[in-house]
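Chemist: The residues making up each chain are set out below.
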Amino acid sequence: RKEVEQDPGPFNVPEGATVAFNCTYSNSASQSFFWYRQDCRKEPKLLMSVYSSGNEDGRFTAQLNRASQYISLLIRDSKLSDSATYLCVVAYGGSQGNLIFGKGTKLSVKP
Amino acid sequence: DARVTQTPRHKVTEMGQEVTMRCQPILGHNTVFWYRQTMMQGLELLAYFRNRAPLDDSGMPKDRFSAEMPDATLATLKIQPSEPRDSAVYFCASGLETTWGAGANVLTFGAGSRLTVL
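Protein sequence lines, in the order shown, are assigned to chains P and H. Numbering follows the working numbering, with no gaps: position 55 of the first sequence is 55. For any residue, its number in the working numbering is found by taking its place in the second sequence, counting from 1, and adding 1000.
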């Protein structure tokens, strides 16, 4: 079983739509969770951390469900510039060497 | 903005040739990572250094790959001899790992080195 699983997509949505991605993880000892964004032919960049209480940053909302071992990312009022691949990242322990990246979910926002 | 610098950005080489990729981590960061990304496998960890000491290179093919940090401002990844299956984008990332909680797991990636082995 893969440690971090994501639906690869692509998710094709019109501008203004709300879209949500889920990511499941297998290690119940996982402690930290993140969403990274990767534009085409670019490097991954941190989008947001995911806290136990959930967190919101503008149009982006991240949630964590420890019982079911998944995290989610919700994008409201999607923009063309949101088109990218969204990588789920799970960490266990305090060592950065224990970061596990999902393969990403591709989002394409159409006019 | 502080950034991770990688060279070369693109490299095309022939099978059997040696390839060396270089990375300058962000000043003050104490961890350096090498990742390989392909469409099929996603991001794979090749090597991980903390305070210049190699901590994990289990993801790296030992017979042809080697990773070093000769000093705090330079990390290298070498492939010798290169093979077509090594074609991928190689990312270097750095971070600041501390003994206490939040922010310890955030990495900053370089722009990547796109390698094509013919």
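In short, the hints are calculated from the structure, not lab data. Using N, Cα and C, we set each Cβ at its ideal position, and we do this for glycine too. Certain hints may be false.
[As the list claims (entries may be wrong)] Derived pair list, reagent style BS3-like, types lysine-lysine, alpha-carbon separation capped at 25 Å:
1. P/Lys42 - H/Lys1011
2. H/Lys1078 - H/Lys1011
3. P/Lys110 - P/Lys79
4. P/Lys45 - P/Lys103
5. H/Lys1078 - P/Lys42
6. P/Lys103 - P/Lys79
7. H/Lys1011 - H/Lys1062
8. P/Lys42 - P/Lys79
9. H/Lys1011 - P/Lys45
[What the hints assert, rightly or not] Just so you have them, the derived chain H footprint on chain P, three or more residues with Cβ under 8 Å:
10. 16-28
11. 66-75
Chemist: Decide, hint by hint, whether the structure agrees.
Modeler: Hint check results:
In summary, the hint linking P/Lys42 to H/Lys1011 is supported, as the alpha carbons are separated by about 16 Å, within the 25 Å threshold. Straight-line distance between C-alpha atoms of H/Lys1078 and H/Lys1011 comes to about 13 Å, which keeps the hinted pair within the 25 Å bound. Using a Cα cut-off of 25 Å, the hinted pair P/Lys110 and P/Lys79 holds, with the two alpha carbons roughly 8 Å apart. Distance restraint check for P/Lys45 and P/Lys103: the Cα-Cα separation of roughly 14 Å lies within the 25 Å cut-off, and the hinted pair is therefore satisfied.
With a C-alpha separation of about 22 Å, the suggested pairing of H/Lys1078 with P/Lys42 holds against the 25 Å cut-off. A distance of roughly 23 Å separates the Cα atoms of P/Lys103 and P/Lys79; the hinted pair therefore holds under the 25 Å criterion. Proposed proximity of H/Lys1011 and H/Lys1062 is supported: the alpha carbons are some 21 Å apart, at most 25 Å. A threshold of 25 Å between alpha carbons decides the hint, and for P/Lys42 with P/Lys79 the separation of about 19 Å falls inside it, so the pair holds.
Distance restraint check for H/Lys1011 and P/Lys45: the Cα-Cα separation of roughly 23 Å lies within the 25 Å cut-off, and the hinted pair is therefore satisfied. For a cut-off of 8 Å, the count of residues in the segment 16-28 of chain P with a CB near a CB of chain H stands at 0, and the three-residue condition is violated. Given as covered by chain H, the segment 66-75 of chain P fails the check, having 0 residues with a CB less than 8 Å from a CB of that chain where 3 are the minimum.
Hints 10 and 11 from the list above are not met by this structure, while the remaining hints are.
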